[in-house]
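So the sequences go chain by chain: A and B.
Be aware that the first sequence starts at 0, since it is given in numbering that gives the first Met the number 0, and climbs by one per residue.
Be aware that the second sequence starts at 0, since it is given in numbering that gives the first Met the number 0, and climbs by one per residue.
Hint data in this document are derived by calculation from the structure and do not stem from the laboratory.
Hints may contain errors.
As the list claims (entries may be wrong) - Facing chain A, from chain B, some residues (calculated, C-beta under 10 Å):
| hint | residue |
| --- | --- |
| 1 | Asp29 |
| 2 | Pro30 |
| 3 | Leu36 |
| 4 | Ala78 |
To be verified - Just a sample of chain A residues kept apart from chain B, beta carbon distances all over 10 Å, derived:
| hint | residue |
| --- | --- |
| 5 | Arg75 |
| 6 | Leu90 |
| 7 | Arg94 |
| 8 | Leu139 |
| 9 | Ala166 |
| 10 | Leu169 |
Computed from a predicted model, the values in this text were never measured in an experiment.
Cβ atoms here follow ideal geometry from the backbone N, Cα and C, with glycine treated the same way.
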Amino acid sequence: MASGAQIGAAQLEAREELEQFHSGNEAAFETLFRRHQRAVYGWILRIVRDPGVAEDLTIETFFRIHRAHARFDPARGFEPWARRIATHAALDWMRAQRPETATADEILVTVPAPREADPALTAEVRHRIALALGRLPPKLRVAALLAVVEERPQKEVADALGITIAAVKLRVFRAMRRLRTDLEHQGIRP
Amino acid sequence: MKNKGTGNREQGTESLEMLVRRAIPRIDNDPEPPHDLWPALQARLNAQAPLSARLRSVPWFDWALAAGLAVFALTFPAAVPMLLYYL
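Chain A extracted, bound-state conformation (with noise of 0.2 Å):
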């Protein structure tokens, strides 16, 4: 068991790394980048449900820390300040995308790991679901697929896209009414 001095010496290791990299150290970085990279990766991969496009987006974020690091606070942690640029690379990728090309394919992602959908629902009703969550605007598809999807908690939501607590259970809100109305369309009564 690792007593209170190594615990306090790790940590004062992780922080000098932490300046190191703010100063521009390049061996920092890629300790940092081997750290945090499957964290990272499977963040993306929450948001953007495509195995390559979150590989992408995941060198696309690390890029982008490195181009910042100057702009890093040592003293605010590593983790959310990349999932915030992380969730801001993912979101320009997705403003790139004509709405209708997020398939439900997409949205209803075979990676290890996922757990099962429920089997009681059918196919079709799961692919239709899956599509009218690809018909929402990004910024509303975000907020649903990490706050409703992945139940990650409302304050990490917040932090990652920018956004106060009450401004994420908007986004939310407003996702679910449209993906209502999408789904009523569709014949599909939650």
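Using the hints, position chain B against chain A.
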């Protein structure tokens, strides 16, 4: 106190959220990227680096070789066509 309409609306939102959760699989653990992304990131960083940074990344012996060739060309200009012929 919530009025009846608000209560119904909240209930409706909850049931819709539940339906969405049942339909769309959640990604529970952070999945590992299919391969190491560091080489691709490095290539991206190198491609986007300013010219001065790219010049700094050229190994010193390449600079020494280029300098040696320049000195040779200036000292023996007549040898340059022959050198080019043999390249």
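So, going through the hints one by one against the coordinates:
Evaluation of the Asp29 of chain B hint against chain A yields a held restraint, the C-beta minimum of about 3 Å falling below 10 Å. Hint on Pro30 of chain B holds. Least Cβ distance to chain A is approximately 5 Å, under the 10 Å limit. Below 10 Å, beta-carbon pairs count as interface contacts, and Leu36 of chain B has one with chain A at about 6 Å; its hint therefore holds. Given the 10 Å rule on beta carbons, the hint for Ala78 of chain B is violated: about 42 Å separates it from the nearest Cβ of chain A.
Non-interface call for Arg75 of chain A relative to chain B: holds, since the shortest CB-CB distance, roughly 21 Å, exceeds 10 Å. Remark: the non-interface label on Leu90 of chain A is consistent with the geometry, its nearest Cβ contact in chain B lying 18 Å away (cut-off 10 Å). For Arg94 of chain A, the non-interface assignment is confirmed: its Cβ lies about 21 Å from the closest Cβ of chain B, beyond the 10 Å cut-off. Listed as outside the interface, Leu139 of chain A is consistent with that label: its C-beta sits roughly 13 Å from the nearest C-beta of chain B, beyond the 10 Å cut-off.
For Ala166 of chain A, the shortest C-beta to C-beta distance to chain B comes to about 17 Å, beyond the 10 Å cut-off, and the non-interface label holds. With a least beta-carbon separation of about 12 Å from chain B, Leu169 of chain A lies farther than 10 Å from that chain, consistent with its non-interface assignment.
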